[in-house]
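Below are the chains, spelled out letter by letter.
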Amino acid sequence: MSLALTLCLIAILGLAAIGTPVAYSIIVGSIVYLVAKGQDPAIAGEQMVSGLYDSFVLLAVPLFIVAANIMNAGAISERLLKFCVATVGRFKGGLGHVNVVSSLIFSGMSGSAVADAAGVGRIVIDMMRKSGHYSGGYAAALTAASATIGPVIPPSIPMVLFALVSNTSIGYLFLGGVMPGLVMGAVLMIMNVIHAYKHDMVQEEPVPLREIPRLTAQAFPALLMPAILLYGIYGGITTPTEAAAVAAAYALILAAVFYRTLTIKSFYNILVESARPSASVGLVIGGALVLNYIVASENIGVSISHALSGIHVSPLMFMFGVNILLLLLGCVLDASTIILVIIPLFIPSCRELGIDLIYFGVVTVVNTMIGMVTPPYGILLFVINATTGIPLKEIISEIWGFIAALVLALVLMILFPEITLWLPKLFGYSG
Amino acid sequence: MGAIFHWLRKGAEAISALMMFGLFATFLLQIYSRYVMDAPFGWTLELCLIFWLWMVFFGGAFIVRERDHIRFDILYMAVPRGPRRVMALISALAIAAAFLWSLEPTWGWIDFLKIKKSATLRVPMRDIYSIYAIFLVAVIAAQLWRIVTLFKHGVEDEASASTAGADQ
Amino acid sequence: AGKPVLRLSSPASETDQRAVALIEKFAPAIASFATFEPHWNATLFKQGTELEAISRGNLDMAITSAQELAVFFPEFSIFSAGYVHKDAAHQVKVFNDPLMEPMKKKVEDDLGVKLLTVMYLGRRQLNLRKSKAELTVKTPADLKGVTLRMPGTDAWQFLGKALGANPTPMAFTEIYTGLQTGAVDGQDNPLPTVVDAKFYEVTKQICLTSHLVDLNYLAISKKVFDALPADQQAALLKASNDAAEFGRQNQLKKEDDLIAFLKDKGLDVYEPDIKAFRDHVQKLFLSSEYAASWPKGMLDKINALAS
Ligand code: NA
Ligand code: NA
Numbered sequence: 001m002s003l004a005l006t007l008c009l010i011a012i013l014g015l016a017a018i019g020t021p022v023a024y025s026i027i028v029g030s031i032v033y034l035v036a037k038g039q040d041p042a043i044a045g046e047q048m049v050s051g052l053y054d055s056f057v058l059l060a061v062p063l064f065i066v067a068a069n070i071m072n073a074g075a076i077s078e079r080l081l082k083f084c085v086a087t088v089g090r091f092k093g094g095l096g097h098v099n100v101v102s103s104l105i106f107s108g109m110s111g112s113a114v115a116d117a118a119g120v121g122r123i124v125i126d127m128m129r130k131s132g133h134y135s136g137g138y139a140a141a142l143t144a145a146s147a148t149i150g151p152v153i154p155p156s157i158p159m160v161l162f163a164l165v166s167n168t169s170i171g172y173l174f175l176g177g178v179m180p181g182l183v184m185g186a187v188l189m190i191m192n193v194i195h196a197y198k199h200d201m202v203q204e205e206p207v208p209l210r211e212i213p214r215l216t217a218q219a220f221p222a223l224l225m226p227a228i229l230l231y232g233i234y235g236g237i238t239t240p241t242e243a244a245a246v247a248a249a250y251a252l253i254l255a256a257v258f259y260r261t262l263t264i265k266s267f268y269n270i271l272v273e274s275a276r277p278s279a280s281v282g283l284v285i286g287g288a289l290v291l292n293y294i295v296a297s298e299n300i301g302v303s304i305s306h307a308l309s310g311i312h313v314s315p316l317m318f319m320f321g322v323n324i325l326l327l328l329l330g331c332v333l334d335a336s337t338i339i340l341v342i343i344p345l346f347i348p349s350c351r352e353l354g355i356d357l358i359y360f361g362v363v364t365v366v367n368t369m370i371g372m373v374t375p376p377y378g379i380l381l382f383v384i385n386a387t388t389g390i391p392l393k394e395i396i397s398e399i400w401g402f403i404a405a406l407v408l409a410l411v412l413m414i415l416f417p418e419i420t421l422w423l424p425k426l427f428g429y430s431g
Numbered sequence: 001m002g003a004i005f006h007w008l009r010k011g012a013e014a015i016s017a018l019m020m021f022g023l024f025a026t027f028l029l030q031i032y033s034r035y036v037m038d039a040p041f042g043w044t045l046e047l048c049l050i051f052w053l054w055m056v057f058f059g060g061a062f063i064v065r066e067r068d069h070i071r072f073d074i075l076y077m078a079v080p081r082g083p084r085r086v087m088a089l090i091s092a093l094a095i096a097a098a099f100l101w102s103l104e105p106t107w108g109w110i111d112f113l114k115i116k117k118s119a120t121l122r123v124p125m126r127d128i129y130s131i132y133a134i135f136l137v138a139v140i141a142a143q144l145w146r147i148v149t150l151f152k153h154g155v156e157d158e159a160s161a162s163t164a165g166a167d168q
Numbered sequence: 001a002g003k004p005v006l007r008l009s010s011p012a013s014e015t016d017q018r019a020v021a022l023i024e025k026f027a028p029a030i031a032s033f034a035t036f037e038p039h040w041n042a043t044l045f046k047q048g049t050e051l052e053a054i055s056r057g058n059l060d061m062a063i064t065s066a067q068e069l070a071v072f073f074p075e076f077s078i079f080s081a082g083y084v085h086k087d088a089a090h091q092v093k094v095f096n097d098p099l100m101e102p103m104k105k106k107v108e109d110d111l112g113v114k115l116l117t118v119m120y121l122g123r124r125q126l127n128l129r130k131s132k133a134e135l136t137v138k139t140p141a142d143l144k145g146v147t148l149r150m151p152g153t154d155a156w157q158f159l160g161k162a163l164g165a166n167p168t169p170m171a172f173t174e175i176y177t178g179l180q181t182g183a184v185d186g187q188d189n190p191l192p193t194v195v196d197a198k199f200y201e202v203t204k205q206i207c208l209t210s211h212l213v214d215l216n217y218l219a220i221s222k223k224v225f226d227a228l229p230a231d232q233q234a235a236l237l238k239a240s241n242d243a244a245e246f247g248r249q250n251q252l253k254k255e256d257d258l259i260a261f262l263k264d265k266g267l268d269v270y271e272p273d274i275k276a277f278r279d280h281v282q283k284l285f286l287s288s289e290y291a292a293s294w295p296k297g298m299l300d301k302i303n304a305l306a307s
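Residue numbers (the working numbering), protein chains in the order written: chain A, 1 to 431; chain B, 1 to 168; chain C, 1 to 307.
Isolated chain A (complex conformation) (with noise of 0.2 Å):
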């Protein structure tokens, strides 16, 4: 490792760990890198600026969190919650079952974790509150854990990202998440009936049969966004960026015009409430493609694909080790950050070993979603106790079984990856 690169690592991890914004500190240690190398400072600048300026496929970012806003401030997720407490809140463990079966319809509309546990989430909480039957921990650790599942299945802002990095379809990758997403909901589930089990949990009262038809028909237009996508994709009207600007544009006439909830100025406030974050994650977008010109220069991932090769490691073993390293670095790192900076990383050593990249994209952006809800940094728990107000402490202490099972769903993707590339197969995927 060069002085330059340990410089720049220290001034950036330094940064990072005393408060400064991550943004900023990748930012700050590249120009340290540069200036000690004797290179042009300018070329941070040169890397973010042009970067972000290239790529079409990151446009996707800021119209999936404008497709999210608007879905949580137009009433849409309430009249889904009411179809799902009609549905599956009759069985035992209820309104568990429907705070991940709500994630899941949520999780095909929208492409961002935080977005699902902040909308959907926070109503579904205070339900389950409400009820008597769930601790406030209980009821945020399920939530925390479903919206998880969000950026799994398609639309994903992770899966846009990754496919940047690496220069794989956006199309193949989404499809490649439908199952794994399912897979996740299935494990959580059961986990749900477990405790349903442990506590001997009264049954909700069901909704009457009858008012089925009347909730359905109130949330038919919103179950329809998730079809309107995936056949707006794979049906070939559109490509998956452009399914972001439409699912957008479907929110805002469902909200605007359908449920009659959106006015001028909760849309500007949209608006604004999306520029935010927008320009919060393109600048550190914009620093991950710093840090990767700093990789390339260094030819860091050639020198791990040419460790890796010295020492005959086989695929599976691969994917152990990388896994547990991303799992790891996300009780620290924010899920772009991993999927920007370090993903890239092993890139050249899958295509060595011969490992499908739409796979290693599904299973690693799984992974980083499981990093969104491991303490101490978690960012999904963060939001949930910032929405809700129950305790970070009471969250975490009913955490760690979900981790349990979403980590054993990551397991059973990684054996078989057939989980992931069976679907995207099954449209033509050639590997």
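It should be emphasised that the hints constitute simulated quantities derived from the structure, not laboratory data. Beta carbons: idealized from backbone N, C-alpha and C, even for Gly. There's no promise every hint is true.
[To be verified] Taking lysine to aspartate or glutamate pairs in the EDC-like style, the calculated list, with each CA pair at most 16 Å apart, reads: (1) B:116 - C:273; (2) B:117 - C:75; (3) C:25 - C:242; (4) C:198 - C:134; (5) A:265 - B:127; (6) C:301 - C:75; (7) C:275 - C:142; (8) C:132 - C:273; (9) B:116 - A:54; (10) B:114 - B:127; (11) C:283 - C:264; (12) C:25 - C:37; (13) B:10 - A:273; (14) C:222 - C:109; (15) B:117 - A:205; (16) B:116 - C:300; (17) B:116 - C:201; (18) B:117 - C:154; (19) B:114 - C:273; (20) C:86 - C:214; (21) A:82 - A:273; (22) A:425 - C:201; (23) C:144 - C:154; (24) C:301 - C:97; (25) C:130 - C:142.
[To be verified] Computed, partial: chain A to chain C, Cβ under 10 Å: (26) 39; (27) 51; (28) 57; (29) 163; (30) 168; (31) 170; (32) 171; (33) 297; (34) 309; (35) 344; (36) 351; (37) 353; (38) 354; (39) 428.
Given chain A, put chains B and C with the ligands in place with the hints provided.
Below, chains B and C with the ligands without anything else, positioned relative to chain A:
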């Protein structure tokens, strides 16, 4: 002074909202031209990218608040006010110094691009990329201002900052 | 000081003919006096930013295109127009002819970039979803209403229009799905790309329009080049030409072999009325804003060099 800052921020928010709307609307127009008119516009894509670039750096400079940033502040929030003030000072000094160091060469690069025109709208790339220079200057000014307030008043009472706008 | 390190950044992959030629022929030939350090897959600099990186002293070498040079020097758009070069040999002749000197000099003076040699990228052909029975392309009129994916810049889109099609931009990684689902009706690329990206799985015909005999230039920082002693400069130039020739022969052979391969995969491969295409495309280009930037008489001189 406070009132001026308040209205400047409101203005910046309005501009960001307009950029967001511009991006959204231009993208829909592109879809319309491709699938409905069956005669895709060439310029919509470039305009979207310009909106996106400007939204990131204009937003980064003027509407992203300290707590909107993606940051790792467990240590920062855990220590007493004294060390916290030192951390904040180091942070602000490092950002201001590094950004200042890169400012002149970065402007040299941006200005150099006046001879390069964008692919479809034929705008000099210097004009498109100049938002990054504005971003640098604004961040340097904000960090210097922060250093001054840190010396005068110490760390402000920040609410738990971890609920950042980190949107996944 | 040790040997100079020549850092090259390119969006090409490591298995691309150009990359193979540089790794196998260029690098060993200059190894006695310089270290060649290539960075593939655009990991160092984004596609299209390499020239300014060289110009600012941040990069030593790049594989650039006429389209990228035309961003700075509009006269280079002549080489991105359809039916200008006849074949690979014609490209070499044009590049080495005195008519290129003023253009090369301008790139050196204004950007500090020296063009070392011309590399052959292949003949771009139409690759369509429909079979020949459903759509036989003889003249540009047959492409009316056909949505053709072309790279995103204006010059490319214009070429698509000049061919008679409805050009539309789309990221390269999305083309396969786009073809499969019918989001686009076709795409254009040299045959090796059609095979590498497996487009033949989702298309039914190749129409051998050869509408663009595509080229790249191997480029180096003029400052770096001028700092070398004369004998090393000569050796570096020879190494560039040898590598380009090696890549050219490989690519030509591959293009020939792949016609049989594609036919074997069940695709219809046939030639349209080339003259009808050439006349239509050249006429549209000559009356476009692009031709306004071409040096006077350049096209005639280029045509005269076609043997
Ligand atoms: Na999703
Ligand atoms: Na949930």
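Hint by hint, which ones does this structure get wrong, listed from lowest number up? 1, 4, 5, 11, 15, 16, 17, 19, 21, 23, 34, 37 and 38
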